[in-house]
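Input sequences plus hints: build the corresponding full structure.
Chains as they are written, first to last, in my numbering: chain A, 1 to 511; chain B, 1001 to 1291; chain C, 2001 to 2336; chain D, 3001 to 3308.
Worth double-checking, as some hints may not be accurate.
[Said to hold, decoys possible] Incomplete in silico selection of chain A near chain B, CB under 10 Å:
{"hint": "1", "residue": "Val375"}
{"hint": "2", "residue": "Arg378"}
{"hint": "3", "residue": "Arg388"}
{"hint": "4", "residue": "Asp393"}
{"hint": "5", "residue": "Ile469"}
Because the hints were derived from the structure by calculation, they are not lab data. Just so it is clear, CB atoms sit at the ideal spot from N, CA and C, and this is done for glycine as well.
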Amino acid sequence: MKFPRIYMIALIIVVVAAVIVATVFLTKPTTPQPVEKVFVVGTTYDPKTLDPALVYDIASAIVVQNIYDSLVGYKPGTTELAPKLAERWESDETASVWTFYLRKGVKFHDGTELTADIVKYSIERAKQLQGPPAFLLDVIERVEVVDKYTVRFVLKYPFAPFPSLATFVIFSPVPPNATNLEEKPIGTGPFKLELWKKGEQVVLVANKDYWRGPPKVDKLIIKIYPDPTTLRVALEKGEVDLALGIQPQDIEDLLKNPNLKMVSKEGLVIEWLGMNQRREPLNNTLLRKAINYAIDYDYILNVILRGTASRLYGPLPPAVFGYDPEVEQYGYKYNPELAKKLLAEAGYPDGAGLREFELIISSAERAERKDVAAVIQRNLKEIGISVRIVDLDWPSFLDRLFNHDFDMYMVDWFPDYVDPDDWIVPLFASYGLNLDGYYNPVVDELALKARQITDPKERVKIYKQLQRIIVDDAPWVFLYVPKLYVFMQKNVEGFVLYPAYYIDFYPVVKV
Amino acid sequence: MSSVKSRFFRELLGIKRIRYGVIILISLAILSFFVIVFSPFEHDQISYNVHLPPLSRSNTTWPYILGTDNLGRDVFTRTFYAFILDVSCGLAIITLSGLIGLVIGLVSGYLGGLVDSVLMRIMDIVISIPGFMLAIAIAAVLGSSIINAVIAVAVVTIPVYARLVRGMVLSVKESLFVLAAREAGLSGLRIITKHILPHITPIFITQATMELSNAIIYIAALSFIGLGAQEPTPEWGLMISTARRYIREAWWPAVFPGLLMFLTILSFNLIGDGLRDYLDPKKRLSTGGVG
Amino acid sequence: MAKSIVQYVFYRTLQSLLSILGAIIIVFILSRVLPGNPAVAILGPKATPENIERVTREWGLDKSYPEQFILYISRLLRGDLGDSYIMGYGVSKLIAERIPASFELIIFAFIISLALGITLGALAARRHDTKLDLTLTSLSVLGFSFPTLLLGVLLLIFFGVNLGLPVGGRLDPRYSVKTYTGFILIDTLLSGNINAFIDALIRIIPPALTLAIPLGGLLLRLSRNSILEVMMQDFVKTAKMKKLPEKVVMYKHVIRNALIPIITIAGLYFAVLVTGDIIVETIFAWPGLGRLVWEAVMLRDYMVIQGSVLVVSIIYITVNAIVDILYMYIDPRIRE
Amino acid sequence: MKPLEIRDLSIQYLTYRGWVEVVSYVNLDISEKNEILALVGESGCGKTTLGLAVAGLLPLNARVASGYIKIFGKNASSNSVKVAVIFQDALTSLNPLLTVGEQIAEIYIYHFAKSKKEALKEAEKVLSEVGLPGSFINKYPHELSGGQRQRVLIAIAMALKPELIVADEPTTALDVTTQAKILNMLKSIVKSQNIPLLYITHDLALVAHMADKIAIMYAGQVVEYRDKQALFRDPLHPYTRALLSSLPRVDVEISELKTIRGEPPLPGNFPRGCRFNPRCPLAFSKCFTEEPSIRAINSGFVRCHLYA
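Printed below as a string of structure tokens:
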């Protein structure tokens, strides 16, 4: 009986598979040893655009911050401002006219020299482009060129935090005659763009004549791993020198890994649960206080987030200027008995007569949020308050948030500039975003005052007062401040982590 | 009358495949019933008041047979709670999309011409729209819950049935007995129900049981982006997409729901296969169809 | 026979254009139904009403839907798929970069699943109701009932950690390879870098397997059942009566008749795979079309959504047209 | 060596209730090369199964429980034996996707090692022998009429140059005029080319014209085997008599056709004793307890206690 054809085909397939497996094992590919010093960064962030006037997401900011320089920078590893393209700056006593003195001899990648009129052109271009971050420039009335290296900003109203605003990417000068900056960026920064395969990787080359001296690595490759599990595997196998976006669950194992190390820093982002005070019964302060006492914060921090976040007691994160350490004393802690007592005082003994609250979240934007929400749901159920979790994709969530179509929500807040003003005004002043319908005239008035004073000591006193009032009104459940952490191979030196998540690859080197 | 019925069921169970399938399915159903009634844990009970760390798998503590998930909830209990929910979702989807797809397939296959091309082009459109986009739109209109996920998945899988049925109707349409029926002046509807339908039912049922697994997996995919079941509902998709993040540390919260899902779908497929053989006119219980 | 095919093809392309237009209209409406818009998606919690209003005015999203649609169609007719709101540059370039990656993965997965699916299906059919048949059926069910999410992660860990092979992405970032065709396997060969080729070959296997195992299982079951169905037909007895060699009976008579249901489902799943499996592309960091559509919907980037759904529906319709033409080629009865 | 020799043949089918006997203990022969043996019985009596067994085409779920079939001394199921079969419904017996020419030519390709072109020429030749135009090699089965399709089956049978032809109700689906043409062609082939024919039918009228020898089958057993003239002149077995009497006579005016009361039993629940006893007018005590054995009589045999 001739060998039936089916067996032959099956045989061929088996042989082909064997060949593939053999090549896979025998020829263990030698990792490429290119002559130049290459540094590979793995990240879960996928950059969208490289035009500083359009950038408003972390992913794009990470790349753009290494191609462009903004006017003002930070002292390494801190939130203190430091000179960058502007050597120094000053303002008039009303803090509404700011003058910046530019560094001399700074060149763009295409050779043009940085001058004041280029800064003026860049700001006006950004204003005219009306990209997502353009609202940050609303405070600027007009830009004046004082002389070749001095530029003056006349503001519409007194604004003390203006220099910290000038650290934002939108303040990065761009060459006047350049076109298609979204894809072919030309900046003054330490790296130049060589190639951008969207969704796959960004390849940057060292800018040899950078004004702070050439960066230590010749080529910087930023590879995109949408899934943190894959990023962790790449890190463990040494395919990636530094990883941004490792998930909290993997930290314990990675710390045990001998040839890896972690750098971490207190963050500035705050995560909270907001309550809609426009709706019955959440306008009842006692009820909100009861909810605050019912949450087991330690379980969330230690078991769910595995120590990757520190507790938030009030409206401001600990790392920002003006934070009041006493808030940790008068802030809310897990106390279910007190919660039950307050709930009864509020008129709902054991939750009797309370309707079910709808808590909207978006876990697509931050995966751990789903677990935290489940713990909160369980905690509130134990004192008699039932909560229904609704997980939405990010824009649907935002749409309901801005239409105030929720009982409770969970979200985090990323500061545009490191100043208490960028937390208090938008989140608690009734003339700010006013997400929760929280209205306290004293808070409104103090917030406005603090914004106009230039004397830091005065401002700190006002913000301390504000924190006490807000915590007492309990508009929110103050949850946590995620720590920033970055993993890298043992032989990576020079990387400095900034609280404002400013990622600088300039000093990085592989020993 | 009873003898015929009992013979029918005896015949049905006589087929090896159906027997295996039914045994697995019934044992799973009974097990989940017992778990729901007797499990010491509510499906969403977080273990911290029992002081057992999540993601632990200690077989010393009896109640946690399969260990706990990332919130310390008992995986064993939740996996079997999810059995009821997912099987009903899966069945709802295949019935919904199956019936609509069957009707579209029959009508367009049998009538052909303009009707056929219009219906098929509509199917092309439905297929080319990304399923999860439809799910978000439905969730936006009706609010995101498991029911909308079922509707979204059903709508997206209609073309699968429509195109398959149409293909089969086309090849059956030409065969002798259909032509004979048409010559005998039977109405289109009677021809479809009496002649074409029984002929294509076997393959259709097989496809439906196969689509059941796709349905459950699609619900899981929607949970992956938070549009399927919501916390704390125990649903395989939600459990697996959450547990996936802990897979390196604890594989069981992800693998066991996957395993139970496989067993359920295997049982449906064995039953579907057995039914296909049973319902096939040629292989009916007589001597294999030969006089 | 030739005339009827040409006429049929012309008639089909006309229909296809109609359904592409249908797809565009439905996606246009559907994307506007989704809550939120690109400005909200990017501004996040900072999306104050003035910010949104200003940005949407800039992007022309404040115009009425019909106006926006007419503008979109007029640009489309000139072959311009428009610019992405959030990324600011051409949608066609964005999609063009993603298609080769998606196609390379799908074709690789399809070859594996078709070859395994049909041959094992034929084997199971020939030996139906035996131990081998039952094991093959259970294997096939294991294949397509296993959640892709889990399968992907397990394969990633098995290949990456246990076997220690390169995994994730299309190529080791340190290789720099010029893109000629966009197909990584071809480009690495063209640039003569064998090490890069092997690296790319190893990296494509796990994602391809994650797609091929469920599809292979499905095709195995389908071909087994439809081959069994055909084996019971009378003309197979005639073929056996002619004492033709076993393989002629199986291939010339049985499988050819069993192909129609198989082609239908294979064609359908090729099209479904074109939108890529978001999960596979996410887990294996594969820059495919699936992830692009996913991110576009998540950011409500209407232009990218419409552009990619347009491209996907074109691909789908061509695949379907091919399937229908294959019908006609295989079955003369449908030819009239 | 006899063209066909069937000894103590029993065939069983595997159904969902286990093995069921369909053909029990059959003994039949064809002794002459150009002899036509007719196998007559109601549907479900196992005649088609017997025909398939002779052609070695039993389905997978069937088995030969006892006895053997030899064709010119060679076992029926061996590959070297060439038995052609003409099925009842030509439409389903022809591959719908291949042209008629291809389905005939493949015999020449695989059996007589002819090239595709030569094989097609041979196909044209054999088609004209069965009275079909040569151009039909490019036609598909669904494009032909019932009669033409039946002729194609005969062409296929002739192309095979078989040692024996089995015709399983070849003309049942045809109108009477085409039926006569087909049967005459079959008879002339058998007589002129000396190929023995096993002709399976339920229609006694056709048998009178076609057959040399006749075997009557009932419930899986051959109950009577006689020469044609002898059987028609002097039918022995009560079932044969009943069959003959229900044949309408053209010359006799009758108001109602005579039928046999009751139904033929389905395989798996054959009655005890003689299987015809529930419907046999002459059945007596022995018929209900003992199974009758074969009794040889002039030029044949009968299986009935009346002649024990």
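Checklist entry - Are Arg388/A and chain B close enough, Cβ to Cβ, to be under 10 Å, as the hint says? => result 8 Å, holds
Checklist entry - Minimum Cβ distance from Ile469/A to chain B below 10 Å? => result 33 Å, violated
Item to check | Hinted contact Val375/A with chain B - closest CB pair below 10 Å | outcome: 6 Å, holds
Checklist entry - Holds or violated: Asp393/A as interface residue toward chain B, Cβ cutoff 10 Å? => result 6 Å, holds
Checklist entry - Can Arg378/A be said to touch chain B, with a Cβ gap under 10 Å? => result Holds. Min distance 5 Å.
Comparing the model with each numbered hint stated earlier shows that hint 5 is the single one that does not hold.
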